[in-house]
Amino acid sequence: MTPDPPQSADPAPEPAPPARRPEGGQALGPILDTIPQAVFWKDPEGRYQGCNRVFASYVGLDEAALVGRTDRELPWPPEHAEAYMADDREVLEGRVPWRRRVEPVRRVDGSTRWVETTKVPLAGAEGRPAGILGIFEDVTERLRLEAELRDVQELNESIIRSAEEGIVVTDPGLRVRVWNAYMAAMTGLPEACILGRPLLDALPRLEDVGFRDRIRRVLGGEAVAPLEFPWHVDASGTSGWAVDRSVALRDGSGAIVGALSLMRDITARRTAEKALRESESRFRALFESLTEGVALHELARDAGGRSVDYRILDVNPAFERHTGLARQAVRGRLASDVYGGPVAPFLETYARVADGGVPASFEVRFEPMAKDFRVTAVSPKPGQFATVFEDITERLARERDLARLNALYGVLSHLGRCLVRVATREELFQDACRILVESGGYRVAWVLWQDAAGVFLEPLAGYGEAVAAIREVTVRLGPDASGALGPTATAIRNGRVEVCRDFHEDPRTGPWREPARSLGLRSFAVVPLREGSGEAGALLLFGGEPKDFHPEEVGLLEEVGATLSFGLDHLAADAERVRLASQVAQAQKMDSLGSLAGGVAHDINNVLGAVQALAMVHQLQAPEGSRVRRDMETVIRACQRGGNLVKGLLGFARQNLAENRLLDLNGLVREEAALLERTTLGRVRLVLDLAPEPLVVNGDPGALAHCLMNLCVNAVDAMPGGGTLALSTRREGERVRLEVADTGTGMPPEVLEKALDPFYTTKPQGKGTGLGLAIVYGTVKNHRGDLELASAPGEGTRVRIRLPLAGTAAPAPGPRAAEAGGPARARSILLVDDDELILSSIPALVESLGHRVETASSGAEGLARLARGPVPDLVILDMNMPDLDGGATLARIRRDHPTLPVLLATGRADQTALDLVAAHPYVTLLPKPFNLQELGQAIEGYA
310 MTPDPPQSAD
320 PAPEPAPPAR
330 RPEGGQALGP
340 ILDTIPQAVF
350 WKDPEGRYQG
360 CNRVFASYVG
370 LDEAALVGRT
380 DRELPWPPEH
390 AEAYMADDRE
400 VLEGRVPWRR
410 RVEPVRRVDG
420 STRWVETTKV
430 PLAGAEGRPA
440 GILGIFEDVT
450 ERLRLEAELR
460 DVQELNESII
470 RSAEEGIVVT
480 DPGLRVRVWN
490 AYMAAMTGLP
500 EACILGRPLL
510 DALPRLEDVG
520 FRDRIRRVLG
530 GEAVAPLEFP
540 WHVDASGTSG
550 WAVDRSVALR
560 DGSGAIVGAL
570 SLMRDITARR
580 TAEKALRESE
590 SRFRALFESL
600 TEGVALHELA
610 RDAGGRSVDY
620 RILDVNPAFE
630 RHTGLARQAV
640 RGRLASDVYG
650 GPVAPFLETY
660 ARVADGGVPA
670 SFEVRFEPMA
680 KDFRVTAVSP
690 KPGQFATVFE
700 DITERLARER
710 DLARLNALYG
720 VLSHLGRCLV
730 RVATREELFQ
740 DACRILVESG
750 GYRVAWVLWQ
760 DAAGVFLEPL
770 AGYGEAVAAI
780 REVTVRLGPD
790 ASGALGPTAT
800 AIRNGRVEVC
810 RDFHEDPRTG
820 PWREPARSLG
830 LRSFAVVPLR
840 EGSGEAGALL
850 LFGGEPKDFH
860 PEEVGLLEEV
870 GATLSFGLDH
880 LAADAERVRL
890 ASQVAQAQKM
900 DSLGSLAGGV
910 AHDINNVLGA
920 VQALAMVHQL
930 QAPEGSRVRR
940 DMETVIRACQ
950 RGGNLVKGLL
960 GFARQNLAEN
970 RLLDLNGLVR
980 EEAALLERTT
990 LGRVRLVLDL
1000 APEPLVVNGD
1010 PGALAHCLMN
1020 LCVNAVDAMP
1030 GGGTLALSTR
1040 REGERVRLEV
1050 ADTGTGMPPE
1060 VLEKALDPFY
1070 TTKPQGKGTG
1080 LGLAIVYGTV
1090 KNHRGDLELA
1100 SAPGEGTRVR
1110 IRLPLAGTAA
1120 PAPGPRAAEA
1130 GGPARARSIL
1140 LVDDDELILS
1150 SIPALVESLG
1160 HRVETASSGA
1170 EGLARLARGP
1180 VPDLVILDMN
1190 MPDLDGGATL
1200 ARIRRDHPTL
1210 PVLLATGRAD
1220 QTALDLVAAH
1230 PYVTLLPKPF
1240 NLQELGQAIE
1250 GYA
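Counting along the sequence shown from 1, when you hit position 541 you're at 850 in the working numbering, and nothing is skipped either side.
Please note that the accuracy of each hint is not assured.
Unchecked claim - DSSO-like, lysine-lysine: derived pairs with alpha carbons at most 27 Å apart: (1) K856 to K680; (2) K583 to K680; (3) K1090 to K1063.
Stated by the list, open to error - So the derived label-pair ranges between C-beta atoms look like this: (4) P668 to R526: 20 to 30 Å; (5) V556 to P668: 49 to 59 Å; (6) A761 to H879: 47 to 57 Å.
No wet-lab data here; the hints were simulated from the structure. Here the structure is a predicted model, which means the values were calculated and not measured. Glycine included, every Cβ here is placed at the ideal spot set by N, Cα and C.
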């Protein structure tokens, strides 16, 4: 048995200088391994830095495997690990100079031990703790022994406290040393008031009975006889009595060290003895006043001494009440005459009692009176017997009711198991009806449910012999022709069980009376059933006996109704779970497609960049108005068009958040709404319902505006004949909600399921790319938001976007481009890219701007070029390269050349690229594919 820890696990901290971090681990190791305590030390982050062998045996790891782990990574229960780390924080933060605690530790073998742990801070530089040194010792056995000692002490104290006799221990000076609860109750003196006081000072009445001399004799070694003495006189003048038995208390050597007095209040015993003496006079009063019926009898025998009848000698008034027979009418008569019949009731049993003196007790149905009795027969003298009986007719009826209640408990158990196997509302109700009839004992169970109009209740399920006939009865939810509500409508309206205990007497059952009579039904109960937030139907239960459905049964029927209503909620929750699982699957599919799109976009941007760069160079070199110049213009426009398509792919892939700053969502909605009003030409009514307060989010204004415009254009396209487009915003806790709703044609389920898929569109050829909603989805996910899409044919479409409220300031913008002015200075530029197309095309573009360019085909090659020198004026660095990628290369460049300008070129400006720009000065993002003007501006930005 594992002992309980002490009530106070944290003694008051004592001043102690901070310990120093253990040093010389190799030298200390053998020493630490010889001590029985577990020793460990941690760094300020709670990571273990070392331990001795005892501690390693607890966690099942050697010191090398332990180093670097935290308590969460050790085989402690999670709550233990959190408690250990909380103690560490208190010690490190200086809230306690050291910490000692008795706490449980679970060993690697699964056993739990109690240990006393001490933790102190390790002294570090500038007075800051360098970590924690901890020592704990196994105190399980000590705690067990302490617990056993407490148990023995508590047992002794419990015996003394609970003894049904007064216990007093006095020392040789008659001062009280032990005083138990019995004595406190008997004397009215609590233990706290008498301990240590002279006994006779506290109870001077003992002087009157010679108690002082009696105790002196006991202390002298004399054995004294029990003493009965008057104890007190109450207000009525009646004396109380007590008895004392005193003996000497001896120590281990046999010397007398005090006296033990055992006292008991014997007033009740003395009173009983007096009552016994007065029993003859009091018997008659008792006989007359008993609530149980009592009758005295004498056996009647034939000439051969055989018992053939018994004579009633006397009866008490309760006999008259229970049987309805007057004392004068039965006294002195034979039982066979009184009760009728050839043989006196229960003669054989009574004869055995009267002749053998052995009492008998039994319960019986006494048909002459149509009652149930419990009878006890005893013999006061040979040949006579007395019967004491009580009417248990109502008790047995109650037991029959309890049997019905037990059946209903069984029904509830069956219904609980039913909930886990049914899949539909109809299955739930049909199973419930069957269980209520087969296990609950009802004749018919029937479930009614509101129709669509909410006027009538329609049968949904039923079970029982008469269910087919009952289905023909129509039940209205509203009042009947007289304006009265029937029991079923009343139950549903009030939300509580309604009971009809007898069809023949209840005026509300007019339409039901004849069908019920013909089917042998006499009573019924209506249990309202709730779906969601209100009652929507009812369970009807029919019984074959009048007066069924007592209050306790009605209470359990309410539980049945609550269980069925819970089952409906459970089915609804299951349906919601399936819907959410479908949404998760859709999100996973979109994430996979997004990753694919991002990878494809990166490679296409490299290809487009190479083509566009060479086209621009050839365009500059071709004569004005020449065919080559015109052809290169066409190539450049094609590249730009391809670039726009790639931007769409990157937007869908959630990898192109080009800007991240604080913006007011309400302001963005107003701007897009104004633009939309100028373009829809009055075909669509635009309604704005914006939150009164600013809704500030962190994000890319262009991406969010594009997202909103995509949704609005889709909504306008869905309303060719006109309609209403509603834009609304609201704050929802720490998130904001943007809703776009239209009154258009809506989408069927099969279209709604694919609406977010890229390249899926229902528009005619040339009217859409199918990327609109996919880009919206990607933009929302990139802003750490979620999107909810709801639509149905003829009911329009509603899109809800939820974004987190801004919690921190937007990232600082990167270096700004220098103002144009004056001729560009020729610079030396290092181009680092692994793509051969880029290396063979971009240098010509750079040189056309008047700069010198060198190339490197990897990050390692670029770093080697910088190490050789001379250092260029600027580096164009590709973000995505094998082995040493752009981020790693940039970190090495910054280490050796902190102010060297870098243009970070990437085909997908994802969050990683944005973070690099924000983290490093003199770094600018250069999205691929870039044209001559964009490249020139980026280079001149570091003039």
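Verification of the supplied hints:
{"no.": "1", "hint": "K856 to K680", "in the structure": "19 Å, holds"}
{"no.": "2", "hint": "K583 to K680", "in the structure": "40 Å, violated"}
{"no.": "3", "hint": "K1090 to K1063", "in the structure": "18 Å, holds"}
{"no.": "4", "hint": "P668 to R526: 20 to 30 Å", "in the structure": "49 Å, violated"}
{"no.": "5", "hint": "V556 to P668: 49 to 59 Å", "in the structure": "42 Å, violated"}
{"no.": "6", "hint": "A761 to H879: 47 to 57 Å", "in the structure": "24 Å, violated"}
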